[in-house]
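Since the structure of chain F is provided, determine the placement of chain Y on it from the hints.
The listed protein sequences derive, respectively, from chains F and Y. Position one of the first sequence corresponds to residue 26 (the working numbering), numbered consecutively onward. Position one of the second sequence corresponds to residue 3 (the working numbering), numbered consecutively onward.
If you're looking for bench data, these hints aren't it; they were derived computationally from the structure. Glycine included, C-beta positions come from ideal geometry on N, C-alpha and C. Any given hint could turn out to be false.
[Said to hold, decoys possible] Here are the in silico distance ranges between beta carbons for each label pair: (1) Y:Thr267 <-> F:Ile160: 12 to 22 Å; (2) Y:Thr410 <-> F:Phe296: 43 to 53 Å; (3) Y:Gly318 <-> F:Leu185: 42 to 52 Å.
[Stated by the list, open to error] Subject to a maximum C-alpha distance of 30 Å in a straight line, what follows is the list of computed DSS-like cross-link-like pairs (lysine-lysine): (4) F:Lys292 <-> Y:Lys233; (5) Y:Lys201 <-> F:Lys292; (6) Y:Lys132 <-> F:Lys292; (7) F:Lys292 <-> Y:Lys75; (8) F:Lys292 <-> Y:Lys409.
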Amino acid sequence: MDILVTQVFNGLSVGSILLLAALGLALTFGQMGVINMAHGEFMMAGAYTAYVCQQVLGDAGLSLLVSLPVSFVVGGLLGVLLEVTLLRRMYHRPLDTLLVTWGVSLILQQLARDLFGTAGVDVPAPGWLSGPVEILGFSFPRSRLFILVLAIVAVVAVTLLLKLTPLGRRIRATVQNRQLAESAGISTRRTDMLTFFLGSGLAGVAGVALTLMGSISSNLGTSYIVDAFLVVIIGGIGQIKGAVIAAFVLGVAQSWIEYSTSASIAKVIVFALVVAFLQFRPQGIFQVRTRSLV
Amino acid sequence: MSSQRARRSLLTAAFLSLGLALTACGSRVDDAGGGAAAESCVDTSGDSVKIGFLNSRSGTMAISENTVYDSLKMAADQINASGGVLGKQLSVVAEDGASEPTIFAEKATKLIQSDCVAAVFGGWTSSSRKAMLPVFESNDALLFYPVQYEGLESSKNIFYTGATTNQQIVPALDYLKEQGVTSLFLVGSDYVFPQTANKIIKAYAAANGIEIKGEEYAPLGHTDFSTIVAKVRDAGAGAVFNTLNGDSNVAFFKEYRNLGLTPQTMPVLSVSIAEEEVGGIGVDNIVGQPVAWNYYQTIDSPENKKFVEEFKTTYGATKVTSDPMEAAYTSLFLWKGMVEKANSFAVPDVQAAAGGVSFDAPEGKVTVNGDNHHIAKTALIGKIGPDGLIYTEWSSGAPIEPDPYLKTYPWAGSLSG
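Same shape as in the complex, but just chain F (with noise of 0.2 Å):
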């Protein structure tokens, strides 16, 4: 019972993670096909923001909720940098978009390297942040369940965006078709800019909620892009609710099967299984229905 306890809570927290890191991405590869290699980078960026704020604030919880509003925004300003300047240019080329946007995670990394060196850096939890809290028997790390319930509130706050304003209208309907909706009078282009933003955006507030499990580094995006494209995928392109569901499914497998052989086993047999899944479904959980030709 204890370990069926742990390791669910522990499969959630890990799908809690990998959902954040794919949240974004699910936005961006959805809605406009752009494998963009950089996603990663952009938490390393949302990661070192969270850093500069405790540098400059000092006090760690206060630090910490200023940061994800405040890496939500370095996020997002480096992907409209990033969709202005290079990926505008390359719609409909998504190897040249993958090519590109490696290279723009590259100069990313170095970036980092010349800014706040190689070595990496920590981000110190605030108390009310660390060590464990007991419910109903069980121990639990509060750090793991603050970003569980940080991942809920993006997912609801991405979802209430994409139904209810007339943002999420727009998205959609150029998720959907795209001519379609260009000829119905909305601006794909500033559509594309926004929903980059938003994506980007996600990615930063993702990076803060890493300085709480891992190293802040100049390699901390490397770890998790895989991972993130990997739900994506699984969750059917642009697809919120289908990430969701590959995001724990993948956590929750990946605890359980480590459990019981070893870390580096579990990772190939999750691979095994995704591969899988995937000759079955190829187009992933869930699909957009579209009557687009392309």
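Chain Y only, in chain F's frame:
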């Protein structure tokens, strides 16, 4: 067309004759005795002599290897300022190994064959050393390797100035045993060093009545330790022996603290965390945990004070010094000692003179073992202090003779093969 073909055949002829000349050369050298080829290339006629530094200045290992390069550079400058080696100034040729074993081998070949350096200093990962080993052996050149490693190797062309297993892992186990630890949990990254280290630990444990409660490996770069730490917590061992490498340590220690585990309840002894890494892990997450090395920045000796002060003046007051940096610094002075004892830069002379050469290093007196080319070093167990520095907690007292194959340890009989 015909002229082109003619040119090509001319070229082929040229290459062929060059090849013949080389073969002829080779056989002549063989007649004269091995090693003559490498010897003839090093130019010692002028008032300077070339040495090579080969460290990863780019790629994932750059974080660690840049610091090794810095301390090598400082050692060379100090030697030059005090008159050089045998009256010759050292002229450094630096190459980037780029965190790729194949590039290490390539650059080592270049340093030996076209730069004609008298010795090469550098390498970090075991895979980079294994890739360079055949290069140094076939060219009969010298490599000074400055990092603690998994042992079970001894080449006459390599001098190992970091610890081998009986100078780091075995003393760490002695320390834990003295502390009354009766059960261990092993956590490591999934590659050669942790796997070999854990084999040694298990042999030691079997002979000393220590129970191994579990053994977990994480892939390099693994970022989520929730499951592994949960296993560690549930196993309830007396201590954890940690051979994780790189960023994984950060995630591991954050998780460890988040689950409420402390150095008091279950200490984690690490062998790959030095002063450099403490900042990235976060002092709060690791304070009070033990580590095993042969050098700490806090060692109280005139040699170390000078070393630390000089390093901070050269590279900045916030810099820290660590074991591999010290071992690299020491390696250059040991080579100087060997050359001066041999009164020659030639590789066979240096090799012959190596045994018994000693140096008052920042870590204390070290002496080269002429048989296995490792050095006798004192083992130190340290604890991480609230200021992020490491303070000596336990010492082996005297330098431990290197024993890379653990031949002098009866319990290790099955390991050395």
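Status of the hints after comparison with the structure:
1. Y:Thr267 <-> F:Ile160: 12 to 22 Å: holds, 21 Å
2. Y:Thr410 <-> F:Phe296: 43 to 53 Å: Taking Cβ atoms as reference, Thr410 (chain Y) and Phe296 (chain F) lie about 45 Å apart, which means the hint holds.
3. Y:Gly318 <-> F:Leu185: 42 to 52 Å: Holds, at about 49 Å.
4. F:Lys292 <-> Y:Lys233: holds, 17 Å
5. Y:Lys201 <-> F:Lys292: holds, 24 Å
6. Y:Lys132 <-> F:Lys292: Given that 30 Å is the threshold and the Cα spacing comes to 28 Å, the pair holds.
7. F:Lys292 <-> Y:Lys75: Violated: Lys292 (chain F) and Lys75 (chain Y) sit about 42 Å apart, past 30 Å.
8. F:Lys292 <-> Y:Lys409: violated, 38 Å
Comparing the model with each earlier hint shows violations of hints 7 and 8; every other hint is respected.
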